[in-house]
Amino acid sequence: MAKPLIKVPPTAKKGEIIEIKTLIAHPMETGYRAGLNGATLPRDIIRRFVCSLDGEEIFSADFSPAIAANPFLSFFTRIEKSGSITFQWTGDNGFSVSETVEISVS
Amino acid sequence: MSSPISPPCAVERRRFLRQTAECAAGAAVTLLLAIRPARATPEEMRAAIRQTIGPAAPHDGRVLLDLPPLVENGNAVPLTVTVDSPMTGQDHVVAIHLFNEKNPQPYVASFHLGPRAGRAQVSTRIKLADSQQVIAIAQMSDGSFWQGGAKVIVTIAACVEDVN
Amino acid sequence: MPMPRPSASTTYEKSRTSTRHPLALTIILSTALLALSPAQAANLTDNRRSGYAFMGPPLRAMQDDDMTNPASLWQRDGETLWAEPIGEAGRSCADCHGDAASSMRGVAARYPAFDRTMNRPIDLEQRINHCRTAYQKAGPLAFESHDLLALSTHVARQSRGLPIAIENSKALHPFLAMGRSLFHERQGQLNLSCAQCHDDNAGRSLGGATIPQAHPTGYPLYRLEWQGVGSLQRRLRNCMSGMRAAPYAFGAEAFVDLELYLMWRANGMPMESPAVRP
Chain A
1 MAKPLIKVPP TAKKGEIIEI KTLIAHPMET GYRAGLNGAT LPRDIIRRFV CSLDGEEIFS
61 ADFSPAIAAN PFLSFFTRIE KSGSITFQWT GDNGFSVSET VEISVS
Chain B
1001 MSSPISPPCA VERRRFLRQT AECAAGAAVT LLLAIRPARA TPEEMRAAIR QTIGPAAPHD
1061 GRVLLDLPPL VENGNAVPLT VTVDSPMTGQ DHVVAIHLFN EKNPQPYVAS FHLGPRAGRA
1121 QVSTRIKLAD SQQVIAIAQM SDGSFWQGGA KVIVTIAACV EDVN
Chain C
2001 MPMPRPSAST TYEKSRTSTR HPLALTIILS TALLALSPAQ AANLTDNRRS GYAFMGPPLR
2061 AMQDDDMTNP ASLWQRDGET LWAEPIGEAG RSCADCHGDA ASSMRGVAAR YPAFDRTMNR
2121 PIDLEQRINH CRTAYQKAGP LAFESHDLLA LSTHVARQSR GLPIAIENSK ALHPFLAMGR
2181 SLFHERQGQL NLSCAQCHDD NAGRSLGGAT IPQAHPTGYP LYRLEWQGVG SLQRRLRNCM
2241 SGMRAAPYAF GAEAFVDLEL YLMWRANGMP MESPAVRP
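Residue numbers (the numbering used here), protein chains in the order written: chain A, 1 to 106; chain B, 1001 to 1164; chain C, 2001 to 2278.
Honestly, the hints are just simulated from the structure, not real lab data. Built from N, CA and C at the ideal position, the CB exists for glycine as well. Please note: incorrect hints may appear among the correct ones.
[Stated by the list, open to error] A few chain C residues that don't get close to chain B, going by computed Cβ distances all over 12 Å:
#, residue
1, GLY2087
2, ASP2099
3, ALA2101
4, SER2102
5, MET2104
6, HIS2130
7, ALA2134
8, ALA2171
9, PRO2174
10, GLY2207
11, GLY2251
[Stated by the list, open to error] Residues from chain C that face chain A, not an exhaustive set, calculated with beta carbons under 10 Å:
#, residue
12, ASP2066
13, LEU2073
14, GLN2189
15, GLY2228
Next comes chain A alone, as it looks inside the complex:
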């Protein structure tokens, strides 16, 4: 499946509040739906999302099955220094995806 889409401004001014957007491919199967044969489809969801700057958590989220398939998130952070922003999604069935984006602060 596709790499997640991440939108972070490549540069920012020191102290600027930036918006970060993420979109990741995942079925977010609820565990409440019936499949073609009538049997319930087992739950398969992303349970946690963490965003860190140089290892320090700046935002995180806990998901339930009610988060829509192919989860989208938008949130804000105040950027004080250049660094690596890491995004990590973990969930059922060993799901684990990690991405890193560099941001340069002037």
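Got chain A; can you put chains B and C on it based on the hints?
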């Protein structure tokens, strides 16, 4: 599962559409009754809120939950939560929790913020099984809780994929 | 649903007699319409509206921004597949076609298109599979498979904003006529035709949904109901289920004829691929 489709409607030309709509709506309702597990009641939502935030009683206000009043499909309902907070070291939002009344599970998600966020605003997309109220509760750094809600009407499409 | 293929002229008579309009006038009109260029056809039918126009602002916003449009995930996979060498030929799409942004610009807006080897129109998915089997010496991808949808989404994305431009060629006329006939044919337990909903009652409500005019401007598209990307044929199968009719198989000639007619009917309207729909 036996077919939820009602007996074929006797269609007269001038009335076919109305009746088709009724057939479709009838089929959809039957389908929902047949496959949906028991839904969360507002009482269950209150229990889920207690489980997440403890015994505190949230105050009304400071939380704006922006949700479209009507959506064409409940599978991806966009929402934005904005909390009125200076987001300083002394006074900021610690977390935002989302709940709903009528999904199989009342708990939707939690977002953890801090003074580093700069702005207490989060957007995502959620599933809603039916028209209902959604509630957002903000947990502040001083230990207080504030809440805002919004009602959304979820319509059901007519010619949907026949998977069940 | 097997049915004999009538000639163009008998198709018109058969289909038009099932509508309310005076027969003679509509035969003349429909024959004249087929002879028009896409631009002329667009001018005659400027009250056409894409399904986009029937959606609320939140869904429109979801479609308009690549960052919120979930079909972007498929398109990005298609971009990767485009450059991957495959098959016995060890060739990628890019090896022949180069950068899709230039070589595929406007291509999806012209499909289904007449294929000389098949001697009939083929749709974009069939064209991709034709490349795979004939030039890359790889097996065809299954209809609605992730990889085929990813590739067709990537190709169709390069036509976004361009007008639909089905060629006005004589070779296509019998297939257009067949598609038109299928569009007007009553079928299924509800004894409905496509036209009864999408021509006669477009804009009105069916259940909780507004009936659109059935212009396929945004395929492949992300449907909230599917929670994924699907082709026009998948949508047509859903329509047929709604009519309580047995859907044609994926890839059936009848589907391609219907796709051709629908795209021709939308000639001149801007492509939105990949669109978002409820």
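Right, here's what the structure says about each hint:
no., hint, result
1, GLY2087, "holds, 32 Å"
2, ASP2099, "holds, 32 Å"
3, ALA2101, "holds, 29 Å"
4, SER2102, "holds, 33 Å"
5, MET2104, "holds, 28 Å"
6, HIS2130, "holds, 28 Å"
7, ALA2134, "holds, 32 Å"
8, ALA2171, "holds, 33 Å"
9, PRO2174, "holds, 29 Å"
10, GLY2207, "violated, 4 Å"
11, GLY2251, "holds, 18 Å"
12, ASP2066, "holds, 8 Å"
13, LEU2073, "holds, 4 Å"
14, GLN2189, "violated, 22 Å"
15, GLY2228, "holds, 7 Å"
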